[in-house]
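Asker: Input sequences plus hints: build the corresponding full structure.
Each chain is listed here by its residues.
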Amino acid sequence: MARSKHPIRGKGRPRRRAAPRGSFSLKDVAAAVGGRAHGSARALTGVASLESAGPSDLSWVSDDRRAADAAGSRAGALLVSAEPLAGGKPCVVVEHPQVALGRWLAAFRPAARPKAGVARGAFVARTAKLGPGVSVSAGATVAAGARVGARSTIAAGAFVGEGAVLGEDCILHPNAAVLAGCSVGARCVLQAGAVVGSDGFGYVWDGAAHRKIPQIGTVRVEDDVEIGANAAIDRATLGETVVGRGTKIDNLVQVGHNVTIGENSILCGQAGIGGSSILGRGVTLAGQVGVSDHVRIGDGATLTGQAGIARQGRVDAGAVLSGMPALPHREFLRRAALLGRLERALERLAAIEKKLG
Amino acid sequence: MARSKHPIRGKGRPRRRAAPRGSFSLKDVAAAVGGRAHGSARALTGVASLESAGPSDLSWVSDDRRAADAAGSRAGALLVSAEPLAGGKPCVVVEHPQVALGRWLAAFRPAARPKAGVARGAFVARTAKLGPGVSVSAGATVAAGARVGARSTIAAGAFVGEGAVLGEDCILHPNAAVLAGCSVGARCVLQAGAVVGSDGFGYVWDGAAHRKIPQIGTVRVEDDVEIGANAAIDRATLGETVVGRGTKIDNLVQVGHNVTIGENSILCGQAGIGGSSILGRGVTLAGQVGVSDHVRIGDGATLTGQAGIARQGRVDAGAVLSGMPALPHREFLRRAALLGRLERALERLAAIEKKLG
Amino acid sequence: MARSKHPIRGKGRPRRRAAPRGSFSLKDVAAAVGGRAHGSARALTGVASLESAGPSDLSWVSDDRRAADAAGSRAGALLVSAEPLAGGKPCVVVEHPQVALGRWLAAFRPAARPKAGVARGAFVARTAKLGPGVSVSAGATVAAGARVGARSTIAAGAFVGEGAVLGEDCILHPNAAVLAGCSVGARCVLQAGAVVGSDGFGYVWDGAAHRKIPQIGTVRVEDDVEIGANAAIDRATLGETVVGRGTKIDNLVQVGHNVTIGENSILCGQAGIGGSSILGRGVTLAGQVGVSDHVRIGDGATLTGQAGIARQGRVDAGAVLSGMPALPHREFLRRAALLGRLERALERLAAIEKKLG
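These protein sequence lines are chains F, B and U, in that order. No gaps in the numbering here: position 295 of the first sequence is 295 in the working numbering, and each next residue is one more. No gaps in the numbering here: position 233 of the second sequence is 233 in the working numbering, and each next residue is one more. No gaps in the numbering here: position 232 of the third sequence is 232 in the working numbering, and each next residue is one more.
Hints may be right or wrong, so weigh each one.
Copies of the same chain are indistinguishable here, so a pair counts whether it falls within one copy or spans any two.
[Claimed, not checked] SDA-like mimics (lysine to any residue), calculated; alpha carbons at most 20 Å apart, straight line: (1) Lys27 x His38; (2) Lys115 x Thr127; (3) Lys354 x Val204; (4) Lys27 x Arg109; (5) Lys354 x Arg344; (6) Lys129 x Arg36.
Everything labelled a hint here was simulated from the structure, so no lab data went into it.
Answerer: Structural data, given as structure tokens:
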């Protein structure tokens with residue numbers, strides 16, 4: 001197909017990331033985020049961080065330590081949790097300034113939602129079921145028996161496999177894939193290239209070759225989950241790999257077969273989890289953390305960047321661990337400091353030996 | 001294309017991951033896996049792990065230490081390597097219970113194999129050659145001069161480049177790619193988003209810029225190799241990058257240009273190998289292992305999770321190394337333990353100095 | 001679409017990676033790379049590394065330490081920086097042998113450039129603008145308002161989002177994606193599956209859930225940048241994530257939102273950078289390096305393999321750091337050596353205590 005006049009049927013004019021039109025007032029912001037406006041700002045036209053904001057920009061103070069930065073910034077107005085933090089600038093007071101920022105951004109520059117419809121060049125099986133308002137772009141596939149919930153978006157090259165189920169208001173970015181038989185809840189986002197349902201890495205050595213154990217389980221991703229670009233979530237050997245409600249997974253994260261991740265956990269970039277591990281609620285894995293097979297991590301535990309937990313390890317609820325092998329974070333820091341004293345200690349030891357003959 | 005009535009020509013009814021129909025007996029299992037049945041089980045309808053099995057499920061005992069778990073489980077029947085391990089439950093005795101499990105799963109829930117044919121919406125060049133029984137889905141590409149072996153499956157968005165060769169009975173999952181000139185043996189599987197043949201990372205600084213060294217070599221993937229989701233295998237600068245027969249590569253693994261990996265090796269999730277390194281047969285890289293450039297790793301060596309081998313490093317055949325810089329695993333554990341005694345040792349050292357004045 | 005006779009309109013015969021036809025002389029090489037030929041070689045037909053070159057192959061000596069290897073090789077001729085390094089073999093003398101190699105390879109086996117045109121099965125929006133000589137393959141998408149510079153190539157499954165801008169002479173390999181509103185300079189290469197413009201990983205916990213902060217910024221990739229297979233570059237929350245001119249990024253690298261990377265930096269495989277970090281010019285991150293959020297790295301600094309820099313860390317210009325927590329490389333090596341003496345030191349300490357009673 002060459003450049004057609006109507007390449008993507010059912011798509012309206014793009015509404016996303018358009019340049020802001022017109023200006024807004026502090027009252028507009030206060031109304032949108034449910035806060036109180038103090039002072040009067042000149043007409044605002046943009047949103048920017050404290051460092052880069054100018055007189056026509058709204059900014060925000062995310063924590064008390066940034067109050068001085070706020071006063072010194074060129075921002076025209078601020079979202080703050082208490083009026084004094086604004087340092088005299090016009091402001092909107094609201095309980096969670098950064099949450100309010102998110103709300104205002106969503107109101108100020110609403111994300112594009114293509115109009116409903118299946119584009120020419122999209123492949124939707126006859127037995128697939130699409131809810132009202134679903135958008136499927138050219139080059140995307142919805143396979144036999146798949147179900148896609150209302151208002152979900154399937155971008156170019158994205159894939160919904162046989163019998164897979166996608167909830168309402170989901171977004172599959174380009175080339176994201178939910179493979180056969182897997183399910184994804186409502187309001188989930190798969191960034192570009194994310195894969196849900198690749199085969200688990202299961203083989204048995206029979207003396208001559210690694211024999212593949214068929215991976216016939218699935219993945220269940222609950223509501224409000226986000227999965228980063230080129231991340232991979234393996235299906236279970238039997239049963240389900242589970243990603244709990246509200247959990248956010250960053251780019252290039254690996255989740256092995258039969259893993260269970262609790263609600264509202266955070267997995268940062270390039271973290272990896274081996275097979276059959278169980279993470280509680282509100283767990284944080286910082287970047288490049290490695291969790292081996294059959295590990296259990298309690299609610300609210302945190303593993304700092306590059307920490308590693310060996311096979312069958314246990315992490316207590318609320319613990320903060322660092323390093324490999326992982327230690328309580330304070331102990332990790334103490335040992336690093338002690339190591340800095342080791343060279344001198346060896347010299348002192350030699351001096352004593354000399355003294356004692 | 002909107003929802004057509006026959007979106008994917010040549011595809012029969014999906015056979016994969018269908019709900020099990022009917023039940024099976026211990027004799028059915030024994031016949032399929034070549035084992036001996038002991039005792040009589042009620043009609044079985046599913047397969048499950050020891051932890052989740054119920055009275056109508058077949059389970060298995062993978063090693064002797066799990067015999068107690070087996071006896072305590074609710075499984076209706078077991079695959080075991082010796083009758084006593086079944087703890088009195090009905091069982092099938094077979095040499096490798098987990099291998100037998102794989103066979104039974106394959107028989108019980110055979111993987112889908114779409115019928116032969118090129119789907120409407122697939123792009124197959126006139127000069128490409130497809131063997132009998134090949135399936136190419138909508139949105140997939142087979143470029144000029146490529147050859148695809150009998151019964152191989154090219155899923156949606158998957159790509160076989162110019163002059164690339166794919167063996168018999170391969171599966172390219174959605175958006176997997178075998179780039180121009182590369183070859184993949186028989187019975188290989190590329191999980192979703194896997195890339196074979198990206199350019200090697202080769203530049204030369206000429207005083208003003210990093211000049212790209214054209215990467216005109218290829219990748220040769222031998223028979224029975226599996227490559228995980230979003231993994232990347234670079235082509236050689238000159239010559240070939242080689243992945244040996246039977247080697248299994250997990251998700252998000254990086255293999256640099258001109259690397260050679262021996263037969264039957266295992267590369268776990270997020271492991272990475274720099275350029276020109278040579279791995280022997282039966283090597284194991286655990287998760288997030290880093291192998292730098294020009295490293296040599298002997299047959300049967302194991303690097304444990306997150307271990308790192310520096311440029312031009314050597315690892316002896318059969319060695320088990322941990323940490324970064326990598327040490328023999330026992331030494332790694334001993335040093336970790338010694339570090340735990342360091343704080344007290346410094347106190348003791350100070351006490352001696354005080355005593356000696 | 002089944003196998004059509006002309007599946008990809010506007011594509012000529014494949015010119016890439018064709019078998020070398022005919023032979024070449026030392027003079028041909030000298031002319032192409034701007035060097036001086038010494039001695040006379042038999043007709044050459046290929047290019048190979050010192051290890052694998054035969055009498056009809058051209059090879060090269062990349063540094064002085066390889067002079068002995070050169071003399072002992074079977075290569076028919078060599079690219080060298082000084083005649084003596086050729087060990088008596090026919091040679092071409094040139095300032096940067098490896099750069100010259102790249103030039104000769106480019107001349108000897110020119111990369112394929114498909115003829116201009118939009119293939120049947122490509123999706124190009126009516127409002128997209130394609131420069132002269134652009135090639136868009138079947139299954140690729142160029143969305144509304146996007147601009148693609150002259151002679152750029154958009155391979156199968158690749159994606160250029162709404163309003164995105166791609167410079168001249170770029171290559172998007174299969175399934176690579178430049179998402180809405182992002183810009184990529186001239187002569188950039190995105191390897192297969194690379195993603196530019198995924199959402200930044202930004203959430204705020206409001207006491208009940210992680211609320212997504214809309215990521216409404218973009219990514220600006222400057223000229224002459226290369227991005228590896230399945231790498232991911234996040235868009236900014238506000239403003240821009242920036243990848244400086246001439247920077248080369250390897251496979252599976254993660255670059256967080258609002259990161260700025262200076263010119264001519266090198267990010268090796270599986271390195272990761274958290275949000276809002278700033279890297280100078282000529283920075284090198286070796287494989288699997290982890291840089292956390294809000295870090296600053298000075299010009300010319302190097303982090304060796306698997307090194308980690310904690311949140312808000314600072315790295316001086318020109319520093320070479322290793323380990324986690326990162327230390328100056330020499331100090332890292334010294335500490336590793338000291339640790340090897342720790343066991344014996346503890347024994348000596350106990351002996352002194354015994355002696356002192």
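Asker: Now tell me if each hint is right for this structure.
Answerer: Structure-based check of all given hints:
For the homomeric pair Lys27 and His38, the shortest alpha-carbon distance inside one copy (9 Å) is at most 20 Å, but the shortest distance between copies (79 Å) is not. Taking CA atoms no more than 20 Å apart as the test, Lys115 paired with Thr127 passes between copies only; the shortest distance there is 17 Å, against 22 Å inside one copy. Proximity of Lys354 and Val204 under a CA criterion of 20 Å is satisfied in neither setting, with 58 Å inside one chain copy and 53 Å between copies. Taking CA atoms no more than 20 Å apart as the test, Lys27 paired with Arg109 passes inside one copy only; the shortest distance there is 17 Å, against 62 Å between copies.
For the homomeric pair Lys354 and Arg344, the shortest alpha-carbon distances inside one copy (15 Å) and between copies (16 Å) are both at most 20 Å. For a Cα distance limit of 20 Å, the shortest separation of Lys129 from Arg36 qualifies neither inside one copy, at 45 Å, nor across copies, at 46 Å.
This entry does not satisfy hints 3 and 6, going by the numbered hints stated previously.
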